[in-house]
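Asker: Counting with the UniProt record's numbering, you get residues 1 to 325 for the letters of the sequence shown.
Hints were generated in silico from the structure; no laboratory data involved. Just so you know, not all the hints are guaranteed correct.
Claimed, not checked - What follows is a list of derived Cβ distance ranges for each label pair: (1) 222 / 280: 18 to 26 Å; (2) 127 / 273: 37 to 45 Å; (3) 201 / 278: 28 to 36 Å; (4) 257 / 200: 42 to 50 Å; (5) 154 / 195: 46 to 54 Å; (6) 318 / 284: 18 to 26 Å; (7) 318 / 212: 39 to 47 Å; (8) 318 / 286: 16 to 24 Å; (9) 218 / 195: 20 to 28 Å; (10) 295 / 195: 45 to 53 Å; (11) 280 / 197: 29 to 37 Å; (12) 199 / 169: 42 to 50 Å; (13) 322 / 189: 28 to 36 Å; (14) 287 / 318: 50 to 58 Å.
Unchecked claim - Below are the SDA-like pairs computed for lysine to any residue, each with C-alpha atoms no more than 25 Å apart in a straight line: (15) 286 / 172; (16) 317 / 260; (17) 133 / 91; (18) 286 / 91.
Keep in mind it's a predicted model, so treat the numbers as computed, not measured. Note that the Cβ used here is the ideal one computed from N, Cα and C, for glycine as well.
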Amino acid sequence: MKMRVLLSCRRLFSRCLSFHPRTGVCGCLETLPKAHAASYSNQPGSKDVSLSFASYESTQAEDQRSPIIILHGLFGSKNNWKSLSKAMVNATKRKVFTLDARNHGESPHTDEMDYILMANDVDLFIKERGLDKVAIIGHSMGGRTAMTFALTRPSMVERLVVVDVSPVTMPSIVVHDNVLVNHINSMDTVLPQLSPDMSSPTARKEADRILANDIPEVAVRQFLLANLQRGERLYEWQFNLKALKQNLPNIIQMPDLKGLTYDGDTLFICGGDSPYVSKRDHDGIKEKFPNANIVYIKGAGHWVHADKPAEFLNLIKEFMGDGTS
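Kindly produce the complete structure, drawing on both the sequences and the hints.
Answerer: Given below as structure tokens:
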């Protein structure tokens with residue numbers, strides 16, 4: 001099936017980053033500012049941002065069911081989902097949108113960042129497209145954005161898929177380790193040591209050498225280095241390191257949405273080898289999402305869709321339908 005890819009890269013502010021370590025997202029709350037309380041509104045406001053996106057659709061006739069919106073995880077981007085998005089169009093016969101979250105990919109940089117604001121951004125995107133209902137898939141940070149959106153705007157969500165993240169808790173590795181902070185601090189040391197006269201391969205090699213002092217995992221460094229780019233005068237990272245570090249507590253914690261539920265069809269797809277969704281979280285998940293089905297894919301880590309793409313796609317096809325009935 002031929003695919004038509006429509007890209008819209010909205011550069012309203014500075015460019016932002018994409019990176020997705022297979023080791024998971026970690027951070028030390030003790031070294032970070034406290035999270036601020038957030039109130040929510042289901043009406044777009046002045047703090048909302050227009051998100052960069054890619055869309056994928058079939059050139060053949062397809063049914064008019066709700067499109068799928070995919071929300072990536074922390075340090076990810078819409079590009080992480082490019083191959084799977086094309087496969088989803090074939091499997092479900094639905095149009096697929098992949099979005100860059102604020103401070104990620106090619107979406108705007110902002111000082112403020114939390115799940116209420118990110119859900120508002122998704123709301124703005126849907127209204128800008130003139131859509132009625134959508135099916136949402138969210139991984140990790142994107143999963144919590146998706147849950148926040150569904151809980152605050154249930155009438156706009158046809159069905160929900162949450163990938164390897166819980167609305168209840170985060171694993172101890174996220175709460176107590178300082179790996180993410182170390183990654184950010186290490187990246188901060190890279191740019192001053194890169195000459196603008198360096199070729200891109202030379203700059204990338206030097207940056208890798210610097211990062212290796214603090215980040216031994218080659219895969220993690222490669223994900224980071226994929227987002228090293230030459231700016232107008234100097235080399236730069238795409239992502240907004242300062243804002244992400246400042247707002248990390250708001251990303252680790254779900255907003256207080258007591259009393260709200262989403263009663264639509266919901267699927268939690270979890271990694272069998274991942275610590276992110278514990279069996280102890282199931283009651284809390286069911287409290288917020290009473291019609292949730294919780295599935296673990298054996299042999300998959302936090303990046304379930306990357307570790308087991310065929311199994312992941314089969315679950316999505318079964319949950320979304322293939323447009324034949």
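Asker: Quick one: which hint numbers does this structure break? Sort them smallest to largest.
Answerer: 1, 3, 11, 13, 14, 16, 18
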